Structures are given as structure tokens and as C-alpha cells.
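Listed below are the residues making up each chain.
Protein chains: 2
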Amino acid sequence: MSAANGPIVAKKTHKHPLDQLSGDEVEVARQAVLKVRKAHLIFRNIYTVEPPKAELVEFLKAEHAGTVSADTPRPPRQARVQYDVVYDDQSHEYLESIVDLATGSEVNLKRVDTGVQQSLTLDEFKEFNEVCVESEMFKQAIKELDLDEKFDIAIDPWPYGGPDVGEITPRYTQGLCFAKRRHENPDTNHYAFPLPIIPVMDTNKKEIIRIDRLATGGTEDGLEYGTADKNVLEHCRPAEYVPELLDIPLRKDLKPLNVLQPDGPSFTMSDDSLIEWQKWRFRVGFTPREGAVLHDVHYDGRSVLYRLSLSEMTVPYGDPRPPFQRKQAFDFGDSGAGRAANNLALGCDCLGVIKYFDGMLVDSEGRPSVSKNVVCIHEQDNGIGWKHTDFRTNRAVVTRSRELVVQFIITLANYEYIFAFKFDQAGGITVETRATGIVSVVNIDPGKVSPYGNVVSPGALAQNHQHIFAVRIDPAIDGHANTIFTEESLPVPMNPKTNPFGNGYEVVRKPVTKSSAIHASPFTNLTVKMANPNKINPISQRPVAYKFIPSPSQLMLADPESIVAKRAAFAHHHVWVTKYRDEELFAAGEFTNQSLKEIGGVADAVARNDKVDNEDVVVWNVFGLTHNPRVEDWPVMPVEIHQLELKPADFFERNPALDVPGTKNLSSVEIGRDENGTCCHTDGTTNGTANGNGSVQAAPTSHLQGTGSIRVADVNGH
Amino acid sequence: MSAANGPIVAKKTHKHPLDQLSGDEVEVARQAVLKVRKAHLIFRNIYTVEPPKAELVEFLKAEHAGTVSADTPRPPRQARVQYDVVYDDQSHEYLESIVDLATGSEVNLKRVDTGVQQSLTLDEFKEFNEVCVESEMFKQAIKELDLDEKFDIAIDPWPYGGPDVGEITPRYTQGLCFAKRRHENPDTNHYAFPLPIIPVMDTNKKEIIRIDRLATGGTEDGLEYGTADKNVLEHCRPAEYVPELLDIPLRKDLKPLNVLQPDGPSFTMSDDSLIEWQKWRFRVGFTPREGAVLHDVHYDGRSVLYRLSLSEMTVPYGDPRPPFQRKQAFDFGDSGAGRAANNLALGCDCLGVIKYFDGMLVDSEGRPSVSKNVVCIHEQDNGIGWKHTDFRTNRAVVTRSRELVVQFIITLANYEYIFAFKFDQAGGITVETRATGIVSVVNIDPGKVSPYGNVVSPGALAQNHQHIFAVRIDPAIDGHANTIFTEESLPVPMNPKTNPFGNGYEVVRKPVTKSSAIHASPFTNLTVKMANPNKINPISQRPVAYKFIPSPSQLMLADPESIVAKRAAFAHHHVWVTKYRDEELFAAGEFTNQSLKEIGGVADAVARNDKVDNEDVVVWNVFGLTHNPRVEDWPVMPVEIHQLELKPADFFERNPALDVPGTKNLSSVEIGRDENGTCCHTDGTTNGTANGNGSVQAAPTSHLQGTGSIRVADVNGH
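Respectively, the protein sequence lines represent chains A and B.
Quick note: the first sequence, position 675, residue 675 per the working numbering, numbers continuous.
Quick note: the second sequence, position 621, residue 621 per the working numbering, numbers continuous.
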């Protein structure tokens, strides 16, 4: 890279159009913006521009045809640069530049509506603390609490949430405050000591403008109940989770369970982002907002998905006492899942043979900042994949289900989310979310209980809340022209003509012809099929498809007229079907921070009333968890798991896992018999080598055997 | 054991009251019955009588107090003997004797209502084939099909299902018929060649009394469409699943994944049935009807469940064309899950270190017949159990979730079910079912499709059907007097007094005071809590409880007035709450075979209108799967998984998995870095030995670190 006067351009590379930026490319983009924008800039994000689908698809066609060479035309490689311009009066303007990396020049500039607020940055998080320390208003509030000097104050900066109706809000940040025991391990859990104040900062002016006082009452107290502001921590008790601070010994009786892959993993990663495993082939991207993103997912050479991503999550709290209506995070839009991604650790976050890869982020000066090990890829065993025993011969054929997991984990102050895309050998893709971490607590008076949450530790009320997620599925079922069908199983009243004995039921399929929202309907077994109406399965004569059953999660509980609800229109339906548009990626719209309502999200996309049958269509699945905390969720909650399962439905001509070898795992050991115990009746095809492929097990099935076949010749009387 | 003239008694043993019978004990019971019943007997089952709860609880109290000795009074050990008496006119009477094993004498005799039919036996299965071969009626039907002599006939005997209204039915068995390619591997898949006839046998007379002809038409044909009876197999194609018959090679690129437990398992099994693992302690029983059953489940010395079992499953088919209304199996009541249990194979059905145990069954002469390895017990890793990273210090504490699995697998002709009770370290118990095996198909004419199913192979229509399961939960939450609560999360309209900003919602708890049925209600987040109202959690001040969220599965689709629906009243609600009664174990009643309606099942139990709050109460959870087959379900379907999760809810005073060591697994390997790669920042407490317990990992969390604490002294101005 040249640092001279000419245009700074990235080294000529043939990175894949979907690859993350290299450090060099980040630097090119940064310089390009600095050159044309002579002002104080605060950089937020610099990341790869995904090419318009129309352009990218052409390149991908060549790629899949195996005809890509150095001369193959490819979409221009570009970077998106998101940054603030800070003016002398400390006001900010939010700009977004597109930089062409080959020429090192800005090719597009977007000035963002001043009515919206962009996501929080790490610098703003840090500044919150500093501003509090300097704030007389904050110091006074702390003084009034008359805390013991054995405590420090720990502040979790939060997005401000939705402003109240009529409230004038420049850029704000709020802070949830806790006391932290001093002279202790720095990892002592401060959440056990919640303080009943929330300082509010004018983020750009770097000034605490208000201290919100929190009610600490119980069931018997009104919404506005004011704390005595004294002795608020006297009844609180430590609640440690780091092992050296625990008041009980760690379990000694958990013996090691090791996952060993002596021949290495079954997947390959090449070309920086291309994963191939068990007939699957896809690319892994990583964005500051979404974390890991999957692209161009194929199975056995056939297209399944164009793109798969976590799109948004909102966490509204159900405590009606002000200002808790503003405890509503949008963890993707307000913070950024990629920016909050954990650096994963070998042997801790997954077992076996792991491939990690790094995320490219930037610091506030726009310089590349590599976040190590933000995504891990590994295989795991998920029990039996399919099994059948012929009771006549006792021959059992059983395969195990191996999965490939692409995982990332994010920390948002108190909470953790573990996201995994899991591929299986039967053509399935599961999007798994695990919620863990520390539930959000507020102070409650001694001896009281509350209808708004559960007392999980003395003085600590864990407030009832919801987590509502949106997954964006851009299907490409054997091509980009797809139709979404709903399929319901409905009762048919007993009648002589069509249901004489009453056992019949009907399966009703309906195409979605216009962009729409769909509610989950478990009692009709509502299934969503993403089909290619132009390609018919030759066996079933139905369109090839992938399906999922939308989880009938409870949706947004807040009053539809509330700010909380309006900010998250996406959280009002389980499935949204929209016509594809480039860069329409975010269920709640691009700007969620301090939003008053959802703008540019899925509800707006649906409102376009586009034709969506036999079109390039996008499906958004919304699911959630109403979390009324248990005491067992304290101090760190056991994972709550949700799975969205995408499964082939007449996409293939039979079970695609039929060719998975039913290999006996010879490393397994039986207790009380020798290692080659007599339990396992292996048929003649077993190759006998440890973990060899291609062998098959036959296990006797008791008490059903012995009913053999009858010869046609016999019954025919020959 | 004495074979002399005196009473034959079992050797003096101190087997646990819940243990399966020994071979000696079976023999004692058999002899006791043979002695008093001078007739031709066909034995069905001989198994342990579980003592009345009132008696057993006293013994268990002593056991838990550690005061059991040889002199401790214990409930009399008894065997239940179920058998047919065959009279000279070939009529059968079904009797049930209770034999006291200490005295070797019958202490109770029950004559079963002649209006019911007991389950099918293996002998009856075998006889079905023999009777068909001898039947001129059957031979004629086969002859009319004019099959190629390259075929054999394979018959799957099935329960007769529900008779039609007004039909007079002695004991019947029906047979689903398929053609099986000759001169082939005996494991060639005959289900690919379905024949359009169902022979019906008078089971006691051993005579084919009717051949039902099956429609083979499509959407355009009426219910009664008759097949041409010619060339019904011409368009059928082989659909093999045993690997040596596959027309494609097995995958070569799946590398071994071994689970090694170098120090052995973390559980112990003692006393024939007692399992102890990670603070859990319970007994595993095994019955001919239910398969594995769990008893007396405790965590850390506290009672959680008295008994946990699979109770029933019904599989109604939704094809309205007669006689498919009689394709409705009750796999527990008609067949018996224990008797259908697979003999599991090391390294095939689970990985790692496995403890198998055997089931005691009997042959038709009442002699003990040990079914080997019907239950397996092993540990597995289920990913991250809990995790939190303090963004201030970057200290990550992460534990993995280890599970203990008690698994059994049943084969019922074409279908397989995998049942597992899974315990975790956070106090959770999951009842997992996996459906696999071969979908039931019937013949369909060339080129046709049908509204009643999906063509999964040429000529093979996989009919739409449901699987509806019932799990019986006998809670003992810190004692036997429990109350069931429902808890729903409900919106609250925005209003100035209680919900000024509209974000609030309310959680409504209601006790179930009378025996009742409850519908799942996902959109109100309906949660069922099994609580002990006499014991209050000192932290939350709520009753200690376990909870589950009933899956909103689609329930019985058949018309409520149909025989199919009436036979399975249990399948009409998701949760049933009943007052405990000894031996009330079966959701659809004891006798399901050929039943016209459910008798003595949960609906009848609820109709007693018992008081159930603060009583010994039983909870039945019903869930299911509407299975409209995919082509991918053929020829053997990938597992469909359902999980029922029982979780503590204010049972403990914090996360019970808090003391699980966050051990780094040192056998894990990173691709592209050395084995001690730099990724994993381990804190000072790590002991550094391979897979040692007690160590804890700290992994850096990127981009959130650095916002430290504030000293109270500083803000207080000291």
C-alpha cells in the first residue's frame, strides 16, 4: 500500500466478494474518507459492502461452474464507512461513505436523517463512567445513598430506550448502577447490589443531565413509590459466580469427557470464508452488527439459501414503573452483535477440533482492530440420526447425526447470547439461540415481593421481560424465484362422503402472493414452506421446498399503542414475507437507538404490498422467550435454548442422510463387560478397524424376531 | 429354589422393592399360578408389583434416612402374572394373578372384563404369518394380484384398531402386506412394494376371516376406488437402506468423532437399580408395557419426582378411505414398549462409556426371558451450560452442560421411537422422544397423487398421520402434597394507574383445585408449575416448584365423535391433573386393543372431580407430531425430536449448576494453531493438568472492556 500522495488503493487481491475486509482494505477506506472529509471524525464501522444481488449472483454462477479465473469480472470490492462528523459546537452528523477499494475513492456519501440515533460505541460506553465521576449531580445522588465505603460504583451503560411521548431527546445514554465490593477480587458480582438510580447522559455533550430515581417498593406500593434512599444495600447479599469467590466447593465428581477427532475434522475451510462439509458448501461472513452471517448455502451442488443471519433482537422489560419503560434494548441495532462478540476460548466454548476465525472491526480512529476468535466452527454428535430394525432378521441399521456448528457468543453488559448455525447430514439447518448471563435486577426493599418480577437475591428484583428475536432467511431454493406456502392440517367433520369414519383430516396449502405477516398457529400445525414452484419433485410431484414450523412464541406483550411496542413492529408477527431488496437486512430498521417507532423494518417492507410468489422473496422468522425469572436464574442463568429448524420438504428424492455410514464407534466402552463386549452383533460388512467408515451394525431386536416372509410361489400354489 | 412339593419360594433376597424380578422370582410366580390354575395357560407378562405408595414411601423414608437394615420392614415383594386361560372351545379368558414371592402363593386373582382385548403377543405375531400361509382366502387374494415370483410376501401384523360402530369383533389381528424381492439380501426393504390387501385374522380361532381390499387411487378418485388388482407393483421401485444394497456409495469423508472418558463415567449404579450422578439419585425400573421407568428421583437429598414414565402413544392415520380408520396403534397398550425394546449396541446407539442393563420378560410359557441391553445409561455433553463475561475485566466464566441419559429404543414393525430421560446439572429433567424408522405406506396407482399423504416412492403413498404421546409425571416436590399452578403472562392495556407507558404485563397464577384438563396456550406463555404450597422459597417467598411449558402440539384431529377419537380421550388435552391412585398408570386406560372408547384413562380419572390442591397429585403431559410425510422421510426417516423439559422454578436458592467447574477441556484442538494455542487466557486457578477439575477459564471479551468501577470514596468527595 502506498502512503504517498496518489490515491491509496488496496493491494490487488482476489478476495471473495463476500470476504471481510483485510487490514489493508480498512486502511484504504479510512484514508479515502479522511481525505475528502476535513473534520474531526469518529469512526463507527468499516466493513465489506455486499454487492447487489444481481451482480453477485452472476459471479457466484461462475464460481459454482468452476470457471472463475483472475480475469473473471467481479463486483467492485467496496467498503462501507460509518462515522460521525463532530462540529465545533459538539453537534454530530452521522455519515456513511462507500469507498471503492480498487481506486481508493469515495463513490457514495449518505447523510443520515438527523432525527435518528446510531448505535452506541465503545467510546461512549467508556465516557459514561468518566462523565459520571465528574458529575456533581451524580455525586450528589450517590452521596444521598450514603453507601458504605467498602463499595465501588459499577455502571452498566445502556441505550436510552424509547423516549416518552413528547420528550425531546438529543443523543442520550443511561446507566444502570450497582455497588461493587472493594478489596475483593475484581470479578466480584456487583449485580447483587443494585442502586435505585439511573443517571442519564447527553452523549454528545458528555454531561449528566438527570438522575432518574427508581421505585424500590413491592406489591403493596404504587408505581411512584420513592425509596428512603438510605440503607438500600443493607439487606443485599453477595452472589458470586467466579469459582474462587464461591461459598461452596466446586463439584469434584465430574469426570472428563473428551471429544477426540484423531483424523481431524470432516470439514475444510478455504479461500478465507468457504466451508465445505458433508455435501454442504457455504461462506461465513462477519459484520459488526450481525455477527456471523452465512452466504450462498448449497447442498450437493444445489442452492438452498442466499443468506442467513440473525437480524434483530429486542428485550423489553415488563415493569410498568417509570423509567423502566426505557429498559428496552435492541441488541443488534443499539449495540451490534459483531462488536459484542466474545473472543472464544479453546476447550471452553466447544469441544473437539475447532476452527476459529477473527472479526475485522475498527477503533474510533477507523484503524483496523482484529477481534480474535469471534466465530468458531466445529463438529458435534447429536445422537441417533436414523435407525431401523427389521424385526424379521433383527438387522439394525443405525447412523449417528453429525452436525457442523458455526457459533458466536455475544455479551451485552449483564446478558449473554450464544448463537449457532447448525448443519446436519439430512439437509437440515438449525438456528439455535441460547440465552445465559445475568438477569437484570433492580433494588427492592427488605421483605417485599413484587408483581413485576421475582426476588432472586435479597434486595434484588429480577424484572419480568421478553427476548424477541428475528432471523432473516433469504431462501434460494434451487434458484431465486421462490414462493412461500403455508400448510395447515385441519379437521374434517365426519360425513359419509369424504370422511365416513371421522379419522380423515385435510392438509390445506396456500401460496403467499403478496408481502404479508403470518402468525404461528400450532393447533393447525401451521408449516411455512419455501418452495420453488418452477421445479417439481419427480417423486411427489410437489414443488421442491424447505420448511419450518414457526415457534408459537409469545409476541410483544406491551400495549400496541406504547412506544415500546411501536419501536418493534417486527415483534408482532411470527413470520414476515417480503420481496427482496438489496440492503434490507434489519427487522426493526437500521436505526433503533432512541427510536419512537420502527422505520424501514419488516412492517414497512410488507406494507409495499409487493408480489412475492415466484419472486425473489425473503422470510423473517420472529420468536422469543417471555422470561419471568426463577431464583435458579441467579446469579448466572442456565441456558434457555430455542431452535429454528429449516428442513428439506420434497427438496430431495429420499433421505439425504441415507449414505451416512452406520459406523460402530469402537472407542465407546461398556461398563462391566470387556471392550469388545458381546453386545454388538456386527454384520459381515464391518471392516473391523477403529472408527472405520463403511461398516454397518446389526443389533438384535428382542422379542419381535422370527416372523419371516411367505413365498409368492407358495401361496400361488406352485 | 426348591422344586419339591412344598411351596416354591424365592431365595431370601433383599432386592429393592422397585427392582425387576430375578429369573428365580419369575419362576416362583409362574409355578404359583400353574399350581392353582389347572388349564392351558398362555403367559403374557410377569413383572414386579410396585408396592402401594403408602407402603413404599415408608420404606423409602428409611432408605433416605440411611436406616435400612436386613430387619427393616419392607413391602411384600410380589409379582403380577398376566395370562390367558385357553378353554377347549378355543375361547380365552384373561386373568391376572398377584403372587407373593416370599410364600410362593397367589394372593389375588383378577378376572378381566370379557369386553376388552389385551395387548398383542409375539406368538400372535408369528401365528399371523402361519395362518395366512394356510389360508385359502389369503392365497386367493395374492393370486389375484398376479405377482411376479421374484417376490415373497412380507406381512406386518398390526393391532386391529378400533372396530366400526356396530361391528362385532372377537379378538382380531390385521396384517399390512408387502412384497419382498427374492434372491436378495434378506434385509431388502419390502415397504417399497405395498400390496393393496389387509387380511384380518380371528386371533383366537387362528383363521383369516376377511381380506380388506385397499383403494389405490389418487386425488381424483373416490374413497371406495377399487384397484385393478393387476400390476400393482409394476411402477414400484426398490428403496433400500441397508448399506450393502444402496445404489450410491457411503460417504467417505466423515472422520471419526470419539467420546473418551479416561477416568470412567461420573455416575455410579448400585443395588441393581440405583443411579447416582451429580447430586441426582434415582432408580431405574423396566416394565413390559412402559419400558424404562424412573422412580424416587431426588436432587441433593430433596425429593423431586415419585415416578416418571412414558404412559401411552397413539398413532391415528388420517386417510379417510376404509379400512384405514383402523390404522390406529396404541404402541404401549396394544404392543408394549418394554417388549418392543431394542437390544442396544455398543458404539452404535450412544457414544462414550455406557452402562447397559437388561429387561426381564417372559415367554409364552411364563419362563424368564432376559432381553439384553434394553436400557443404556451414559453421559453426554450438551454445549455451554452457563456463561458470563464481565466486560470490565474480560473475565469469562463458562461451564459446559453435562447430561446423564437413560435411553431405550423401541421398534414397532416399520417405526422406531427413541426415548430418553436426560438429567442435567442445573436441576433439569428432559423427556426426549425421537421418531424414526420407516413411514407406513400404501399402494397408489402410477402417476397419481393423493390428498391423504405424499408419494414418497413410486407406487408408495406415505399416509398423513399423527403421533400423540402421553408422559406421566408423578411429582413429589419436597414431599407428596403438591399443588399444580398455571401461570400466564397477559397484556395490560395502557392506563395511567397501573401501566402508564404500556410496557407492563401481568403474570397470573392460578391453582388447580379440582382434577382438570388444561390446554397449552403458547400465546399467553402458559406454564405449569408443580409446587409444594407447604414449603416457601426463602429468597422469592414463593412455593418451591418445578415447571414445564406444555408444547402446543396439535391434538387429535379426528372428529370427536369418531371411534378413533373416542379411543384416545387422553389425546384431546395437553395436560391432565389427577389425584394419585395406585396403579393408575395408563393415559388411555389399561386395555386399548380393539377398544371402542377410552376406559379407565385420564379422562375418567379427571371425571372423579377430586380435590387436587395440596394433595398427592399426578400430571400427565400430552404432546405430539402431525406427520405429513416428506419425500426425505423415505426410506428411513431422519429423527423428529421432541423435548419436554421439567425445570426447577424457585425450588433452589440459586442456580444449582453454580458449582460445576468451568474446566478447560485440554483435549480440544485448534486448527491452524498449536495445541496450547494462545487463544485461551487461563486465570491463576487453572491447575494445568489435562482435563483436571476445578480450573476456570477467563477469555477476553473484545471491544467491551475498559469501563472500570468508580470509588464511592471518590464520588463522596473523600
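Hints listed in this document are in silico derivations from the structure and should not be mistaken for laboratory results.
Be a bit skeptical, because a hint or two may be false.
Which copy is meant is left open, because identical chains are indistinguishable; a pair holds if it fits in one copy or across any two.
[As the list claims (entries may be wrong)] The calculated DSS-like cross-link candidates involving lysine-lysine, where the alpha carbons are at most 27 Å apart (straight line), are:
no., residue 1, residue 2
1, 15, 255
2, 255, 279
3, 535, 448
4, 497, 597
5, 252, 355
6, 510, 448
Only a predicted model underlies this, so the values are computations on that prediction, with no experimental measurement involved.
Hint-by-hint comparison with the structure:
Within a single copy, residue 15 and residue 255 get their C-alpha atoms no closer than 45 Å, and across copies no closer than 30 Å, so neither meets the 27 Å cut-off. For the identical chains of this complex, residue 255 and residue 279 are inter-copy neighbours only, at 14 Å across copies versus 35 Å inside a copy, given an alpha-carbon limit of 27 Å. When the C-alpha separation of residue 535 and residue 448 is checked against a cutoff of 27 Å, the pair qualifies only between copies, where the shortest distance is 18 Å, while the shortest distance within a copy is 63 Å. Taking the shortest Cα distances, residue 497 and residue 597 sit within 27 Å of each other only across copies (24 Å), while inside one copy they are farther apart (53 Å).
For the homomeric pair residue 252 and residue 355, the shortest alpha-carbon distance between copies (21 Å) is at most 27 Å, but the shortest distance inside one copy (30 Å) is not. Taking the closest pair of Cα atoms, residue 510 and residue 448 come within 27 Å of each other only across two copies (21 Å); inside a single copy the shortest separation is 53 Å, beyond that limit.
Figure legend: structure checked against the earlier numbered hints; the only hint not met is number 1.
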